[in-house]
Amino acid sequence: MNGDDHFDVTGQVLPSLLEALHEVRSLPAAYATTLQHLLDALDADVAWVSRDRDIVAALGVSRSEAEALRQDPVLADCGRLDLLAVGVGSDMTLYAGRSTRPFDTRDRRTGRAVGRALAVALAGTPSQEQEQAVVEPSQLSTMVQHLCTLVPRIARTEQMQTTLDAITASAVEVIPGSVCGLRLLDPADPSYLITVSTHGVPTTDEPAWERLPIGHGVGGRAVTEVRLVIQRDYSLASDTVPYFRQRRLEVAMSAPVREAHRTIGSLTVGSYEPGRDYSAFEEQALVALAELTSLALTDAQRHREAVEARRSREMLLAEVSHELKTPLSVLLGAVATVRRHAARLTVDERDELLESALARGRDLERLIDQLLQSSRSELAGSSERVRLAQVLEQAVHASTWGAHVEVAPAPADEVVIDVAAVRSIVESLIANAVRHRGEEGLVRVQAALAGDTLRVSVSNPGTLGELEPERVFEPFVRGRDATGHGVGLGLFIARRQARALGGDLEVREAYGQVTFTLALPADG
Amino acid sequence: MRWTGAGQAAHEDPRLAGSAAAEQALGGRDADLVVVFAATPLSDALAGVRRVVGPVPLVGCSSAGGVLTQLGEAADVVVAGLGGGYEVATAFGADVSHAPGDASRAAAAALDRVGSRHRILLLLGDPATGKTSAAVRGVQARAGAAVPLVGGFGSAGFGHRGVVQAHAHEVLDDALVAAAIGAPAPFGVGVAHGWHMAGSPLVVGERTGAEIVTLDDEPALDAYLATSDAPGSVLDDLAGFARWASVHPLGLPRRHGEPRVISVVDADPRARTLRCASDVPRDVLTWPLVTDADAVAAAGRRALAAAVGAIDGPPVGLLTFEALSRRQLLDDVRRDADLDQTAPASAVPLAGLHTDAEIARACGSHALHHCSIAVLALP
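Chains as they are written, first to last, in the numbering used here: chain A, 1 to 524; chain B, 1 to 379.
Quick caveat, the hints were computed from the structure, so don't treat them as lab data.
Everything hinted at is true.
Just some of the chain A residues that point at chain B, by a computed CB distance under 10 Å: (1) Ala-32; (2) Leu-39; (3) Gly-60; (4) Thr-100.
Positions of the beta carbon are idealized from the N, C-alpha and C atoms, including for glycine.
Chain B with its partners taken away, still in its complex shape (with noise of 0.2 Å):
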């Protein structure tokens, strides 16, 4: 019988919280994965919660953003368990910064180890690696369109720190980390942002990867503030500049669905340029994106909706994979009321991640997504 267990605490050592997150998650039953997601430094972290799981598969993430607990408390560390006849292998892949393909493609090899029926692949990331499109990109291609893809790149947080990801006993930055999971049951994938396009297009000129140097002939800068309408303090610093972009964001059309949205992340106000989360096309059109505190709450339901709807069953558990910026739009009583509401049992467990990027593609072949919610649904 597949079980899962979610477990969070709040310590002012790590490795206590790591302990007592694990055995609240686990109960004293023996796991087939286990997942950790901490907003306190990942080593101590992974340490306590190491003394406790013993020697089984086990990937994890940081997070400056925080991380989502069950309840809507607030934890340093939440650790999420699987158990009961999960197939599962786990592998990673590193220097994702230098070599993005070999590294997705290390990573995406643990498909190989799990021969159930149902797979998917659970992967964990750097967004400070610059090479987020690439790296999923490289899972895409070798596991191929019959394999759902699901996690995120931990969220830095508007000041930029690091993020670092678990695998086993090891702790690693620019790398990505993945958890292959089989099941004799399909698994269900769902994201959803919220976003809507609004006002007049700006034609991307000159960009590089993903910084953007001109917006409708003009530097990129000037005319990405002049559109949202910025305060004149923003580019005072450059936390400030992040928040401002994260709830920002600009977008472009897609023929069916939500519009793809482009995150700012940072600007250089001596070259006057724009840095995205991902490489931006050469020559589109982008709008910006607005939405509301109800546009966003109602994608998580949407999301949820179509990650549950996708599996036989009420689910054994859920893993949400949120966008930083949602926090700042969202107040933390009406997402946690949000979820409860979407959730089809109150027993399910709930453990998510503060993201920059989020990972979700069940079909088709989008899997990179920003400012959106992504959930994977356990059967």
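So that you can see chain A by itself, here it is in the shape it has in the complex (with noise of 0.2 Å):
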């Protein structure tokens, strides 16, 4: 067994720096704590801080070395660095760099806790400019002590309920004084948010409390804006829950939870004490557990896609002895008729037989081909920073289809990606738009970049006809107006490349269109 199929190195790393944290009394002591941390956690070669753009600690090289690696990040008898860069507050960032292999979306994730965990105690180290911390060091211990209690609660990944209901509960207990509760989308409408876990609001009360559409009230706008928000004089804001509104709720407020890449809820606390106003460590504490409730979420999703991905190879593999017997048992068929009946058969039947064995050959190696690619598909290749019209170009070109295709003005920006997985992927969706576009559709390719999320979609005329949505992605499966030689794995593979670059590939039909859309992290 692996223990890195159900266990995220991020678990490790923050119990032990909030820990050592906990212990510092000085600014550079925080920094060279949290760079030791960062540099261990990722294996990283080289970490530093930077304020203000200052570079302010650094760890495996001088500050000036640090400044140099900023603008070339090459290492004498290292190599080229891959540079992360993780914002601390509003003027703060920690950098990380690494020699031996490109960083991922959980290097990414790790070094976001790290970033994190640093904000809280920097809540509780005096500064330069500060006399005094601004935390009472209890009050960051009880902090410290919830969350070491939660990060190995979360990697042993017990039950989700009892750990959702453990991050609201300790909530209570950093933040004194409050009530608060967890609220994710509403699988079933996700413009609304549900609530999943509370801790001192009476469940009698629950059908006042239980839904909030996204952008409304405190903790749906954490949703949409995806910030901290602070709600204060709640009882004569308007834009509240009436609920906690009547019975005079003081303050409020609420931080994004995310899973993987997507805001998918909120953690709120709030207040009825009057005149109670939450203190700059409180916010951080607060951003600080719906970080970890993000960690437990994403967990369980890995833990749930670990088991899928186990069930579809299983598939794969029954398809697979399936689809290459069938055209392996016509060619040795004809290949064997042929030398069995030489004598007998005309010229043209001879033809016939060996075109149809060479057809079933080619069936045979295009079949192999797409296995070995889907195989190497979850490997990580190296990003690059381009531009994303290039990309697009690349990939329209790269086809026979140009004529059917049109590509709308990509925006400017460069963006950050494996762009040889990111090619391939939309490779496959205008191959399989073009299949399926009938006569004369034309097929229509086009991308954006929103926050940290790039998204193409490919587009062609027509429907998805009986086929669930979901069910395009599964291997072997084609649509039934498919024309050419395509057996069914191309979409298949698309998404799992999607899934190995931290992403995901989606499909929906509306208005007689059929629309693939690709949604990747992509730093700009």
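Build the complex from these two chains, which are given one at a time in their own frames, with help from the hints.
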């Protein structure tokens, strides 16, 4: 068994970092401790902290060397570094550089968690400008204690509800005098949030606060605004939950919760104490707890994906055996007939049999090529900075269907992506769309960058027919209107590639158009 | 023309063994650096070596676990000589157990006197300080990411005997000795262990530094004995437990590559605690690690291939630092056969030290290893 199947290294680094940060009493020591943990967690070569663009601490290199690496990330005898940058508050950034392999989505998540821990600690560490820490040591101690208990619980993937309940209970401990609720997008209607765990709110009143439209209330706004939202004078504000407004809630704040790269809910605390306001430390504490919730949910998702991937592999094996055997039987039969009955066959009959064998051989070759591509699809390639338009142009020009494809002008943005993998996915989508576009239909391709998410959509006229949308991503499934030689592996491989890159591939049908949308994390 | 030479000797008089090994290694040549590994009293062996080599830079380490010779012969002293144009400076830091930061900075200062384009820092230390992690961290912080590290903490053996280091004419304990070596071509470093995680994980609960008090909310020793399926007699004597624990390590998962080994070195049967070779993080999941002779042998080949593959052309010499636990898992014949197969030329001198902890870092941040083999390929 490999522990990595269900365990994220982020769970290792957080408790020991928080504990170590708890001990430090100066800013340089906090930086040094954080950089050491960042270096260890990512097995990076170098790490540094910059504040207002000045490098204030570095590990593995001097500060001046770090400054040079920021311009040209090449380290003697180690080679070119991939750089990871994580924001800590508004003016501080943590950097790590690694020569052995590029950083991936999970590394970024670990970096973000380390940055969040530093932000929490800085709230309790006297800075050069401050005589005293913002937080009482006992408050920081409570926070660390709770986080340290939660992280291994998350890592052990206990029952999800138990973990979520522990998070809301911890929030109330760390942010005293509060009630807490955790809301997630309603799977049945993603325009609403549903409450999945509460602490301090009477469950008998559940119907009054169970559902909340996104964009409304403090919790709903945290989801759409993807930031910490604070509402003071809660009972006087109009766009708040009536149940809490009527009970004269004084203040509420909410932090977004993510699963992988999507914002899927919010963690909210509120207090009825008159005159209560939340301190900077309590704001950071809530954000840290929301990060932990994200960690728990993403780990749970990974667990589900692992189970699904195993099932999918087993299914694929069965399908592959069948798909390989059929053309092979035809091919062998044709060749055997030619050899056994050569004298009795006419020239036309012999040519027809050999032609059939050749065609089946080519089918087999194509099938094996695609299976090989599929097995490689989860190997990480290397990311590079490119113009968005360039990727689309290359994908379209690599195909022979350029005349049937219209590419909308792409934004001028540059993005950091695995170019080869993205091009391969887009090529597959175009090939699929061309096969299903009908006689005269035009395939449309467009790309956009929204925040740190790259979206590429490929549309063709048509419908999915009786196929459930998810079925099109299963191996060897082909639409009834498909033309050409596809064997039904292209979309299956494309989705695996997208997920290997930390993104996803989805399909929808509307107004006589079928649209595949590739969503990928991309640093702008 | 750079050269290396290796010599080994066994004699009841360690001085004579030291002289014989040094003569064999240098063959009358002037060395840039002499490295001495001894399974006998190092002070006596060093005196013998010194008689032969003269006033050249010298570093060394003893090992109760034994030394590794080029030909797999039994030996008390192994001497490696490097010459023909290596740039060398040596230094040491003392009082590691009380001031690991100061000691490691002092040792790493050897780098300041080597200006070659390619440099490596060879480190030899004492495992009994309890500060192996801090010492290596300190060196990393001082040396920076661009300087590779290699070396080891000589093995105290299962009876926990004292390990001492040699620097120039002195024999030191509680010290970290360093040799900065420079050359016009890059050095190669490889490390591997061959262990993998198995069974159910244990949560590290209460712990202080390298001492684990609870595992899975149980006394750490009891949880460890249960998960490693230890026989009842394993606690009968200290050496017996150490021998058992050396082949039943725990491990922390890493995102890539082999798991990080937590080497259990000692137990307190009264307090029911475990002592590990280096600091253990709190609240982490640890897995029992398992391996077999084939996997351990393959790790040796991987470490050698990585070290040799990192340099331009064939190496002129190899130094190895091999965990004592590997000797329990590999018989001598298999180990020597594996190393011979991987070495690019039979003429490559080979000298090694059995260790309680190995030091190896070319890229990345992990420099301290356990249950591993670390290899230095000299250009």
